[in-house]
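Asks: Sequence:
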Amino acid sequence: MDRLDLLEQIEQLEKEIAALPAGSVSAKKINGKEYYYHRYTQNGRRVEQYIDFDKVEGLRRQIETRKTLEGKLRELKQLLPKPKKSGKPKVAGYEFKTYVRIGEQLANLVAPVKKYAHRECYSALCNYIFGEQQDKVFILYGLRRTGKTTMIRQVILDMTPEQQERAAFLQIKSTDTLSDVNADLKYLESQGYRYVFIDEVTLMEDFIEGSALFSDIYAASGMKIVLSGTDSLGFLFTENEQLYDRCILLHTTFIPYREFENVLGIRGIDEYIRYGGTMSMGGVHYNEESSFATKKSADEYINSAIAKNIQHSLKYYQDGGHFRGLYDLYEKGELTSAINRVVEDLNHRFTKDVLTRTFQSQNLSVAARNLLKDREHPMDLNENIDRDFVEQSVKTMLDILDKEEQTLEIDETCAAQIKEYLTMLDLIVEIKRIYLPVGAGDDSKTVFVQPGIRYAIAETLVDSLLQDQKFGDLSVEERSRVLERVLDTIKGYMMEDIVLLETKLAKPHMEVFQSQFAAGEIDMVVHDPKNLTCSIYEIKHSKQVVSQQYVHLKNETLCEMVEHRFGKITGKYVIYRGEPTTSDGIQYLNVEEYLKAVE
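Convert by adding 1 to the 1-based position in the sequence shown; the result is the number in the numbering used here.
Simulated from the structure, these hints should not be mistaken for lab results. A hint or two may mislead.
For each label pair, taking beta carbons as the anchor points, the in silico distance ranges come out as [what the hints assert, rightly or not]:
1. Tyr41 to Glu600: 50 to 56 Å
2. Val547 to Glu431: 30 to 36 Å
3. Glu522 to Gly586: 16 to 22 Å
4. Gln106 to Lys508: 42 to 48 Å
5. Ile31 to Asp443: 55 to 61 Å
6. Leu158 to Asn241: 29 to 35 Å
7. Ala598 to Gly442: 33 to 39 Å
8. Asp585 to Pro113: 51 to 57 Å
9. Leu8 to Asp271: 31 to 37 Å
10. Ile31 to Lys78: 39 to 45 Å
Just so you know, even glycine gets a beta-carbon here, dropped at the ideal spot from N, CA and C.
Let the hints inform the model, and build the full structure from the sequences given.
Replies: Okay, structure coming up:
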């Protein structure tokens, strides 16, 4: 493990530790009755707070978790190379309060990214650094492993030697305070430093409430300040309050297929389905290890990058007064469960019904229907596997609680809050489903912008199939065909979502939606409300051209309903994995080429 990987793990542990309570739980007997108190030290003095009996065990678990993480943190820090001199970096007699890299240290930090390709949003950072002074700070935020620190290193690398001499990189730890950063900035300003990059700034407990310091004092005085971090909510809170109208936001979480191929150097929609969502694929660029390579790594990512992202930001916003109903979910250990349940559900229904119903694998249901409809080798999957065992295996591996096991009622308000914060994190996007004829009642489905999370969870379905005794009685050819069909079904749904999502985001002035009828549906409609025209698409995870794929596109009744509602149909297409071609007047588009060109 190299030094940068160690530092990343240390930063993540420090963030997790900061989100958990310190101290201990003590008990006192008063008039024969036992009372419980949370004891901890704050600003050098001991604090003792009364806690309700029903929260004692949850608090104890969190404190024990913190102690365990602190032990791991100590072990990781021991692996770091020992500094030549004790104490924090010193320059001309000044001892920095935070970890500051300047001069040769800064050059060593940025050197490894010299051959890395740039993300498309990199130009916005360059415009800020190399453009005119704006009296604003630049906020670079997004989930873990989406290229934030790499972009900072790249822009420093692109500076002239004179600019690099006036640049500084501050690495924030959870023990740092805004006062520490302020002291270092004062010194850097006095020494003529103009470009300051502050990484993981949201680890500071007082960042949200005091962030105006960066814009009002230093940016207004001529400094170019870039703040980066993984706590997206923390930055959004500051943008709405302390840094209102005094910051430029750049979000890195969404990584479209085009960037996945161009930056990571890896081609193929199936690879994007498996690993898309982070700049870590094990390709020729960026991080070696994928965040979604295994179920375990995906779970860790969901818990630390998403669930704890939400919890950490809420803890320090308005002194923890903005949790509303979500704190109990986290305290009971059910926030990750709720997020997992929504990701796995192929119907994308983020409502109380989806969150609380007894878990049943939707992936397995669809796979069974598809195998039964197989034209060449139909098979009743339910007769060849132990359905209850498979579904129980899926539930166990996903660590999702059944309704009967939940210790906390998840109501509509809680579900709405989770969805609200996932939307703010840019993790989910709503895609409309419009029912024709008019009056049938429209709704929407929720698409996750990081397909790798969902695929890692779906792969657990395959693992459970492999463990089933009845399934093992099938021949190796039959087992292979069933498993291939199951994964193909999952990938088909995911490819459809990816195309819908990227088309919607690339065409903000168009209406992008699915159209459903009493019998059948059109996978994607792109409506031009200005010119009153539309184009219609079927999306198929196949390399073959089959007339059944475009049967709805040729259905005159369905097309008449679409044209009556949305205007003349100017194009009919099938997006698939094969080569571009034409069949019976229908244009076939290659999915990778479509996603690279969509705008």
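Asks: For each hint, tell me whether it holds in the structure or not.
Replies: Status of the hints after comparison with the structure:
1. Tyr41 to Glu600: 50 to 56 Å: 53 Å, holds
2. Val547 to Glu431: 30 to 36 Å: For Glu431 against Val547, whose Cβ atoms are near 31 Å apart, the range 30 to 36 Å holds.
3. Glu522 to Gly586: 16 to 22 Å: 20 Å, holds
4. Gln106 to Lys508: 42 to 48 Å: Roughly 45 Å apart at Cβ, these two residues keep to the hinted range, so it holds.
5. Ile31 to Asp443: 55 to 61 Å: Taking Cβ atoms as reference, Ile31 and Asp443 lie about 60 Å apart, which means the hint holds.
6. Leu158 to Asn241: 29 to 35 Å: Since the Cβ atoms of Leu158 and Asn241 sit about 33 Å apart, the hinted range of 29 to 35 Å holds.
7. Ala598 to Gly442: 33 to 39 Å: 35 Å, holds
8. Asp585 to Pro113: 51 to 57 Å: Cβ of Asp585 to Cβ of Pro113: about 53 Å, so the range 51 to 57 Å holds.
9. Leu8 to Asp271: 31 to 37 Å: Roughly 33 Å apart at Cβ, these two residues keep to the hinted range, so it holds.
10. Ile31 to Lys78: 39 to 45 Å: At roughly 42 Å between Cβ atoms, Lys78 and Ile31 fall inside 39 to 45 Å, so the hint holds.
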